[in-house]
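Novice: In order, the protein sequence lines correspond to chains Z and C. For the first sequence, position 92 (counting from the first letter as 1) is numbered 92 according to the numbering used here, and the numbering increases by one without interruption. For the second sequence, position 232 (counting from the first letter as 1) is numbered 232 according to the numbering used here, and the numbering increases by one without interruption.
Derived from the structure by calculation, the hints contain no laboratory data. Since the structure is predicted, the reported quantities are computational estimates derived from the model, not experimental observations. Mixed in with the good hints there might be a few duds.
[To be verified] Some chain Z residues well away from chain C (every beta-carbon gap over 12 Å; in silico):
1. Gly60
2. Arg75
3. Asn131
4. Asp148
5. Ser157
[Stated by the list, open to error] Subject to a maximum C-alpha distance of 30 Å in a straight line, what follows is the list of computed DSSO-like cross-link-like pairs (lysine-lysine):
6. Z:Lys134 x C:Lys147
7. Z:Lys2 x C:Lys37
8. C:Lys37 x Z:Lys211
We put the beta carbon where it would ideally sit given N, CA and C, even for glycine.
So the chains spell out like this:
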Amino acid sequence: MKVGVLDYGVGNLGSVMRALEELQATPLFISRAVDIHDADCLILPGVGHFADCARLLEDGGWSSALRDEVLGNNRPLLGVCVGMQLLATYSMEGVDESYPNGILGLDLVPGMVEHLRVMGCPLRVPHVGWNSIKCVAPIPSLLDGISDGTDFYFVHSYAFNAKNPSDVIATVDYGVEVAAAIQHANIWGTQFHPEKSSRAGLRILQNFIFKNLC
Amino acid sequence: MLKVRVIPTLLWKQFGLVKGVGFDSWRRVGPVLPAVKVYNQREVDELILVDIVAHLSSDDPDFESINEFGQDCFVPLTVGGGVSRIDQVQRLLRAGADKVCVNTFIYERPLLVSEIANRHGVQCVVASIDVRSDPDMGWQCFSRAGKQATGREVCAWARELEDRGAGEILITSIDRDGTLQGYDLALIETVVNAVKIPVIASGGAGTYQHMVEAVKYAGASAVAAASMFHFTEQTPAGAKLALAQANIPVRQNFVPAGAT
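One chain only, chain Z, in its complex shape (with noise of 0.2 Å):
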């Protein structure tokens, strides 16, 4: 299984390829937009201020060239941290003067990204470090084996408002609570980093993989 892991400028993209070596996936680092066809199935990695992911991926024309692999050729696509942030309709993060409505995501899953202070959260912003999920029954095939309540690693200011709730298939309590991972057709993505999860989410990047939904 090829899965392509886009670089595009950002991203603890050593740390994903490893997670995907150790099970026994083939990481491709896709750094064209044109060589997007060549995988099995996307990752868009996380690790990044919204903004400025958002021009490298218009600027390096990756916005078009995985809204066609997506949406034309169903390709399945895992977004993680602020990689399923960009899959939103739009992001405060960033956001002035020149663009005081907010920055413009992938519009892949609709909903818009802002601050966890804004959303409620009266805790210290970056929520980092491990923090237990609650799925949203029935368990969702990327979280198959997951129980509720197991921990994964959060490391965000910023947090996906869903336009539509049923495309929350876990939540996460910080404060307030937020979407931890998304579902839309075949578009997945995590808040968390499962490749910095340890076995809980080496267990997410394998039902992705393997688990038919790629």
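Go by the hints and put chain C onto chain Z.
Specialist: Below, chain C alone, put in the same frame as chain Z:
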């Protein structure tokens, strides 16, 4: 509920792990790679890996070694030492780092913190602050592995780093470092109260009880330790058990659903 993290700190110099007392008298501890592997197998919450001599040279961080050290690490890995430019951050992330730790060079150019935050996100920047107690200002910040006084007071510096985009503060008491006598709780509490981002307590942990105190009495979001794990029988798993017994939430290792 968010769990309190127990973080082994791995300091390395040239070819191996080292640990000192008061940022001095460095002892060799052993090779880096097996240590990272063992901690990964035991599912520690996170690792901090710092090259303590990288700031002495104008060369880039040793990406190749970091790449090697991180090869079997499936828990978050924060890498520091000699980070002076934004382009080095992307290379560290490619080499297997998940967050970067900055220290010496941000005193010279604090803007580096904002640059990293604006490209890789606030959550990618761990600002490391090393301090000594100071009769005039409470605690003074030191750069260059504790060698260089900066004239900066710890709270003002921590707040400035938070404003510039740091996602976490790693606060280390040089006075307590390697002593196993316990964290400087007053220092940690002061920094915790000065900022609204998570604070990692460091410097002086010698027993599980010290970690409990850093969380319960000083408000640390995470506790880091080196000598305690290198030179005593105590382990991160033991620390988490002790924290749990003190009613502090800690991560349990993963058990697949349906497994017996």
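Novice: State for each hint whether it applies.
Specialist: Comparing the hints with the structure gives:
1. Its beta-carbon lying about 15 Å from the closest one in chain C, Gly60 of chain Z satisfies the requirement of being farther than 12 Å from that chain.
2. The claim that Arg75 of chain Z is not at the interface with chain C holds, since no C-beta of that chain comes within 12 Å of its own (minimum 24 Å).
3. With a cut of 12 Å on Cβ distances, Asn131 of chain Z falls inside the contact zone with chain C, its closest approach being about 5 Å.
4. Against the 12 Å criterion, Asp148 of chain Z falls within the reach of chain C, whose nearest CB is about 9 Å from its own CB.
5. Ser157 of chain Z, annotated as away from the interface, has a beta carbon of chain C within 12 Å; the closest lies near 5 Å.
6. Restraint check for Lys134 of chain Z and Lys147 of chain C: the C-alpha separation of about 47 Å exceeds 30 Å, so the hint is violated.
7. At roughly 27 Å between alpha-carbon atoms, Lys2 of chain Z and Lys37 of chain C fall within 30 Å of each other, so this suggested pair holds.
8. Annotation: proposed proximity of Lys37 of chain C to Lys211 of chain Z holds, straight-line Cα distance about 28 Å (limit 30 Å).
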